[in-house]
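Going line by line, the protein sequences match chains A and B.
Each residue of the first sequence is one higher than the one before, counting from 1 in the working numbering.
Each residue of the second sequence is one higher than the one before, counting from 1 in the working numbering.
FYI, nobody ran anything at the bench for these hints, they're computed from the structure.
As the structure is a prediction and not an experimental result, all values here were calculated from the model.
We put the CB at the ideal spot given by N, CA and C, even for glycine.
Keep in mind that the hints are not guaranteed to be accurate.
To be verified - Across the chosen pairs, the derived CB separations fall in these ranges:
| hint | chain 1 | residue 1 | chain 2 | residue 2 | range |
| --- | --- | --- | --- | --- | --- |
| 1 | B | P234 | A | V288 | 37 to 47 Å |
| 2 | B | P390 | A | W180 | 34 to 44 Å |
| 3 | B | A169 | A | T486 | 55 to 65 Å |
| 4 | A | W364 | B | D412 | 37 to 47 Å |
| 5 | B | K358 | A | V409 | 36 to 46 Å |
| 6 | B | I387 | A | W193 | 43 to 53 Å |
| 7 | A | P318 | B | V228 | 54 to 64 Å |
| 8 | A | V346 | B | G305 | 49 to 59 Å |
| 9 | A | W364 | B | K77 | 40 to 50 Å |
| 10 | B | R235 | A | V288 | 56 to 66 Å |
What the hints assert, rightly or not - Keeping only pairs whose Cα atoms sit at most 27 Å apart, straight-line, the calculated DSS-like set for lysine-lysine is:
| hint | chain 1 | residue 1 | chain 2 | residue 2 |
| --- | --- | --- | --- | --- |
| 11 | B | K77 | A | K158 |
| 12 | B | K358 | A | K91 |
| 13 | A | K158 | B | K358 |
| 14 | B | K349 | A | K169 |
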Amino acid sequence: MKPLRLPPALTPPAIRRLGLADVAILCLLGGAIAAVVAFAREFEAPLRQVVQIDLRPSALPRYTLYSLARGVIALAISYVFALGFGWAAAKSRAAERLLLPMLDILQSIPVLGFLPGLVLGLMSLFPTRNVGLELAAILMIFTAQAWNLALSFYNSLKSLPDPLRDACKVAGWRASRTFWQLEVPAAAQGLVWNGMLSMAGGWFFLMVNEAFRLGDRDFRLPGVGSYMSVALDQGNGPAMALAILAMVAMIVCVDQLLWRPLVVWVEKFRLDETAGGGGGEAPATSWVLEFLRHARLPRRAALLRRQAYRTALRAARPLERPLAIARPVIMRGPRFALAHPVARWVGGSLLVAGVALAAAVGAWHIWLLLRQLGARDWGTLIGSAALTFARVMGAVIVSTAWALPAGIVIGRSPLLARLLQPVIQVVASFPAPMLFPLVVLLFERAGVGLGLGAVALMVLAGQWYILFNVISAVAAIPQQLKDAATAFQLPWRARWRSLYLPAAFPALITGWITAAGGAWNGSIVAEYLEAGGRLRTTAGLGSLISDATAHANFPLLAGGIALMSLMVVGWNRFVWRALADWAQTRFGFAQ
Amino acid sequence: MTPGPLLLEARHVTQRFRLPNGQVIEALRDVSLNVCEQEVVALVGPSGCGKSTLLRLFAGLARPADGSVLYRGRPLKGVLGAAAMVFQSFALLPWFTVSENVAMGLEARGVNGAARRDAVARAINLVGLDGFEQAYPKELSGGMKQRVGFARALAVAPEILLMDEPFGALDPLTAENLRSQVVDLWRDASTGVNTLVVVTHSVEEAVFLAGRIVVFGSHPGHVREELVNPLPYPRQERSPEFDGMVDRLHAILTATLLPEPAPAAPQRLIPFPRVHVSEVTGLLDHLLSRPDGKGHVFELAEDLGVDYDRMSAVVRGAEQLGWVTTPGEVVQLTLVGREVMAMDDSARKDATRARLKKHPLFGRVMAMLVESEGSMEDEEVLADLTIYFPFIPADSLFQTIVEWGRYAEVLDHDATAGRLMLTGAVEGAPDVPAG
């Protein structure tokens with residue numbers, strides 16, 4: 001007779017021999033600590049005006065880890081921000097009215113333009129250390145990561161079923177417990193998937209964030225981005241190839257070691273119990289998670305944590321009584337402010353007034369800057385804006401031309417989708433600007449100037465969003481509709497025209513919105529870049545912004561950024577949004 | 001068991017909601033209701049009559065807009081700690097095991113450590129889920145999930161158990177089984193639960209469970225009638241006394257659902273129920289197959305496999321078109337109804353068109369359209385409907401009008417432009433003048 005085996009959940013957490021898995025975990029842990037220490041030391045290093053980037057291959061792993069650390073720290077800040085921001089927007093109607101439009105704008109404007117101000121500001125705060133520069137880089141990555149996370153958390157809070165909330169209230173849960181045990185778990189899936197996107201988005205400006213020129217000053221941080229930019233400056237081919245390789249390796253590692261396990265793990269927090277995607281979908285797997293589940297150390301760690309928690313509780317017991325007495329007194333103020341209608345009104349008005357004041361101060365400063373621009377400057381600005389706009393639209397059209405059919409072909413076949421989706425995800429996470437110089441050199445050899453070449457670069461920056469959206473929309477077509485098309489023997493042309501294209505259309509528009517945003521952002525590095533040791537530029541709003549940055553022409557920089565923000569937000573509001581609404585009512589599957 | 005002292009009390013409670021489109025709906029108006037210790041009270045009525053809203057008010061999950069809710073003579077502040085609640089959709093946390101779900105309410109009540117483990121084990125044992133402690137809700141069937149819901153409520157040993165259609169999402173067999181267990185739990189003194197308030201759709205369920213049945217009317221929600229159910233527990237379904245009680249409740253509900261039309265105001269605007277063309281013809285078809293073309297509303301509902309709420313809406317629709325009459329609780333196919341059923345499709349459309357032109361509501365919409373040269377913005381029509389029927393979501397009424405208008409080929413709707421228009425067939429003025 002076989003020995004009786006208990007399911008994993010029921011086995012007591014007895015500690016047996018350490019396994020291979022545990023050794024691996026210990027090594028990883030050690031590595032992580034070492035990286036953090038090295039990073040902290042780097043943080044403390046006195047500011048060297050020009051950091052010497054070591055192009056030897058042996059230095060590359062260290063640089064890659066520095067870059068990764070910045071991305072991870074920024075992501076952690078993004079998560080904290082998203083939880084707070086999303087919660088506030090979902091809980092208070094006044095906050096909602098203010099925060100949602102803010103999010104909408106923040107996620108569509110080119111934040112890169114704020115880098116010079118940020119760097120100078122933080123440098124003056126920490127004049128002798130690298131801290132200011134590091135903080136600026138992390139903040140810049142943060143601005144590329146935070147918004148969709150916040151939006152995702154807000155959306156899942158808003159769509160939480162009422163009975164679940166009621167059940168927690170009836171159970172007498174405090175708001176903090178409801179937050180951690182209901183609201184955050186319910187949002188976990190969205191938070192993880194969007195975290196994946198955010199991480200990829202954060203790499204986009206890696207090169208600029210780490211190696212960045214303002215006037216005659218050269219700000220550099222050690223990292224894989226600055227390694228690449230030095231390699232480009234020196235025209236060092238092998239070093240470029242190595243940097244690209246290191247970047248790919250990092251993305252693959254992060255995907256396999258962090259995101260895959262997380263994606264599989266958060267399946268547990270799915271709210272609707274029917275398997276997603278209309279069934280037939282194989283559950284995602286992750287070898288790392290399997291590995292971890294078999295390891296004993298995590299279980300032991302959980303046990304230790306629980307013990308530590310109990311000890312801490314016991315230690316805190318003497319404090320309990322004074323706290324119990326003090327809490328109602330301390331909480332009286334906030335309680336009163338929240339419960340009393342007049343107090344709430346006053347608080348709300350103060351908040352609104354504060355925001356209005358901040359907005360007014362900001363507007364005044366922008367006005368001071370913009371006032372210095374002459375009529376000729378404005379003429380240049382508007383002319384270059386028109387040029388870049390044309391390029392952005394060109395990039396969207398070119399991307400659609402290949403990504404729409406490709407997305408439909410991939411999305412149509414579950415097998416193809418399952419095989420290619422992870423590959424495309426990794427490819428899409430690669431920061432396109434790292435490839436820009438190589439592409440430009442290639443184009444030059446073929447006799448194409450940067451004026452047109454920039455369109456190709458902007459395609460690189462935006463195409464994936466279209467591909468992703470189309471794939472997932474086509475994969476979500478109800479099986480019965482596909483069966484109907486087969487049963488009525490629709491020829492393939494009719495099948496595309498009457499089923500796949502309409503079904504993909506709403507998602508295509510979502511893809512366009514993001515792709516155009518990516519292209520606008522990309523224009524800043526695509527219209528003005530160094531390749532083969534030589535600066536190349538072409539007229540456009542992006543190159544105008546880059547040029548103004550390089551020459552520390554702040555009025556022109558402010559004008560360029562303001563104009564670009566205005567165009568992106570305006571176009572989103574008036575064109576994309578209207579198109580998206582129309583597509584959703586006309587072609588959406590929701591009845 | 002005889003009712004004890006007053007436990008829960010709703011005094012002149014009014015509750016309003018704002019719909020996403022800005023329309024304010026009154027869910028309850030001036031409702032007063034007492035619940036005493038040892039009682040089982042059932043709240044029944046059509047959907048949208050505010051019975052679930054009242055239950056949430058009792059639980060302290062919402063505050064009334066006007067009036068007050070009292071527990072043992074004191075106004076309720078926050079969630080009612082003496083109560084536990086069971087939900088139609090179970091409302092279990094999918095990432096908690098059965099044990100963790102059952103333990104949800106214990107910590108806030110200061111039950112910790114070994115006492116908590118005991119309470120959880122006892123509650124799980126009471127509902128017969130031993131062995132499933134470590135299972136996740138997604139591994140359980142609907143009936144077992146609701147057992148977890150009951151265990152979670154029982155674990156806190158509540159004085160009052162509030163249940164919002166607790167068996168509504170279960171198949172009939174499972175529901176029946178759980179229902180009798182609930183009665184047993186209530187009669188078992190060791191559970192601590194001595195008062196039940198249950199919201200239900202099912203007449204049999206109300207008669208089986210409750211000692212007092214409160215019938216609600218809708219638009220806005222109000223108490224129509226209270227009925228005392230003296231049958232001794234445990235109750236035997238299909239016994240003559242039980243069936244007699246069911247019939248009485250049916251009669252009261254029918255009077256609520258199908259009020260005799262007030263003859264004084266024939267031109268008064270009445271809302272058309274949210275029913276589809278095919279449902280009404282389906283009802284007529286079924287009546288044709290019955291002897292004398294008539295049947296009891298509740299028999300019809302059972303035969304056709306819909307709940308009585310839906311059935312009565314369909315009957316009201318057919319009645320407004322003059323195809324059935326409703327003497328008492330009986331639905332009778334009229335002569336016109338028989339004629340309509342004998343027609344072919346296009347003749348039936350013509351007959352429907354003729355009826356709609358005479359119908360006060362459809363007639364008014366058509367008259368408005370004629371006045372504005374055959375076409376109007378959706379918004380205008382919706383605004384008009386909101387003025388006349390402030391208690392009914394205007395959107396759904398509008399959709400019903402569009403569907404019937406399209407069927408009868410009198411109205412057409414352009415969803416893209418958001419316009420309602422008359423089709424060419426009815427250039428002439430309708431028979432009912434615009435009021």
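Here's how the hints hold up against the structure:
no. : hint                          : in the structure
1   : B:P234 <-> A:V288: 37 to 47 Å : 57 Å, violated
2   : B:P390 <-> A:W180: 34 to 44 Å : 42 Å, holds
3   : B:A169 <-> A:T486: 55 to 65 Å : 35 Å, violated
4   : A:W364 <-> B:D412: 37 to 47 Å : 55 Å, violated
5   : B:K358 <-> A:V409: 36 to 46 Å : 57 Å, violated
6   : B:I387 <-> A:W193: 43 to 53 Å : 46 Å, holds
7   : A:P318 <-> B:V228: 54 to 64 Å : 58 Å, holds
8   : A:V346 <-> B:G305: 49 to 59 Å : 58 Å, holds
9   : A:W364 <-> B:K77: 40 to 50 Å  : 48 Å, holds
10  : B:R235 <-> A:V288: 56 to 66 Å : 58 Å, holds
11  : B:K77 <-> A:K158              : 26 Å, holds
12  : B:K358 <-> A:K91              : 49 Å, violated
13  : A:K158 <-> B:K358             : 45 Å, violated
14  : B:K349 <-> A:K169             : 52 Å, violated
Comparing the model with each numbered hint stated earlier shows that hints 1, 3, 4, 5, 12, 13, 14 do not hold.
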